[in-house]
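Q: For the record, the sequence lines run as chains A and B.
If you count the first sequence from 1, position 40 lands on 40 in our numbering, and the numbers rise without skipping.
If you count the second sequence from 1, position 25 lands on 25 in our numbering, and the numbers rise without skipping.
Keep in mind that the hints are not guaranteed to be accurate.
What the hints assert, rightly or not - In the BS3-like style, the derived pairs of lysine-lysine whose C-alpha atoms are separated by at most 27 Å in a straight line are: (1) Lys69(A) to Lys26(A); (2) Lys78(B) to Lys42(B); (3) Lys42(B) to Lys69(A); (4) Lys42(B) to Lys83(B); (5) Lys70(A) to Lys56(A); (6) Lys57(B) to Lys42(B); (7) Lys56(A) to Lys42(B); (8) Lys83(B) to Lys70(A); (9) Lys70(A) to Lys57(B); (10) Lys78(B) to Lys26(A); (11) Lys57(B) to Lys83(B); (12) Lys69(A) to Lys56(A); (13) Lys78(B) to Lys57(B); (14) Lys57(B) to Lys26(A); (15) Lys26(A) to Lys70(A); (16) Lys26(A) to Lys56(A).
Unchecked claim - Residues of chain B clear of chain A, computed beta-carbon distances all greater than 10 Å: (17) Val24; (18) Asn28; (19) Glu59; (20) Ala93; (21) Thr102.
Note that these hints are calculated values from the structure, not bench results.
Positions of the beta carbon are idealized from the N, C-alpha and C atoms, including for glycine.
Here's the letter readout for the chains.
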Amino acid sequence: SQQGEEDPQALSIQEGENATMNCSYKTSINNLQWYRQNSGRGLVHLILIRSNEREKHSGRLRVTLDTSKKSSSLLITASRAADTASYFCATAVRAQKLVFGQGTRLTINP
Amino acid sequence: EPEVTQTPSHQVTQMGQEVILRCVPISNHLYFYWYRQILGQKVEFLVSFYNNEISEKSEIFDDQFSVERPDGSNFTLKIRSTKLEDSAMYFCASSVSGRAETQYFGPGTRLLVL
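With the hints as extra help, turn the sequences into a complete structure.
A: Given below as structure tokens:
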């Protein structure tokens with residue numbers, strides 16, 4: 001069994017559309033974090049949502065967390081070409097270790 | 001804005017050689033981490049470090065790996081005798097505290113073992 005699995009594995013949309021990515025996990029968590037990775041580059045932290053929070057916004061990003069379903073979603077509104085990247089959820093099970101999912105490859109077509 | 005830096009950005013080495021990957025965490029952070037990402041695979045946790053000692057390590061982090069904070073700013077990962085399967089992108093990260101706070105990642109070192 002895997003902790004932190006994203007769905008879909010790949011997503012291709014037109015610029016201006018909204019992109020939704022989902023993450024499921026299996027164990028109780030302290031928080032869940034979303035990261036972006038441009039091809040072959042480092043991980044950029046996007047947003048952290050704590051286990052007692054249900055929704056969080058940051059600019060064009062909206063993250064939800066449903067601890068009863070052990071799932072989270074990341075919504076990017078009004079997508080831009082620069083949003084093309086891989087997006088990972090990472091769960092903090094204990095204080096320090098982050099467990100990453102396989103990621104969703106998002107492509108924004110002009 | 002403060003950021004985690006890593007050197008070198010790329011490293012090519014022969015199997016069996018020792019490599020040292022270097023990281024400078026964000027200056028007021030107290031917790032430091034190493035992760036790796038084999039090409040096309042997930043980012044995997046290797047080790048966390050606090051107060052000059054390892055606080056947690058994964059099964060990947062065997063006797064061939066070691067970490068050190070040799071001075072007040074650097075944090076290093078040493079692989080004693082590299083194997084082909086050590087080829088990966090290695091990421092350093094740091095956080096203010098270990099209590100489920102945001103971890104900030106460096107740009108990574110791409111290690112290729114031949």
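Q: All the hints need checking, so say for each whether the structure fits it.
A: Cross-check of the supplied hints:
no. : hint                 : in the structure
1   : Lys69(A) to Lys26(A) : holds, 9 Å
2   : Lys78(B) to Lys42(B) : holds, 21 Å
3   : Lys42(B) to Lys69(A) : holds, 23 Å
4   : Lys42(B) to Lys83(B) : holds, 19 Å
5   : Lys70(A) to Lys56(A) : holds, 16 Å
6   : Lys57(B) to Lys42(B) : holds, 17 Å
7   : Lys56(A) to Lys42(B) : holds, 25 Å
8   : Lys83(B) to Lys70(A) : violated, 37 Å
9   : Lys70(A) to Lys57(B) : holds, 25 Å
10  : Lys78(B) to Lys26(A) : violated, 33 Å
11  : Lys57(B) to Lys83(B) : holds, 19 Å
12  : Lys69(A) to Lys56(A) : holds, 17 Å
13  : Lys78(B) to Lys57(B) : holds, 14 Å
14  : Lys57(B) to Lys26(A) : holds, 21 Å
15  : Lys26(A) to Lys70(A) : holds, 6 Å
16  : Lys26(A) to Lys56(A) : holds, 21 Å
17  : Val24                : holds, 14 Å
18  : Asn28                : holds, 16 Å
19  : Glu59                : holds, 12 Å
20  : Ala93                : violated, 8 Å
21  : Thr102               : violated, 5 Å
In the structure shown, a violation is registered for the earlier hints numbered 8, 10, 20, 21, in ascending order.
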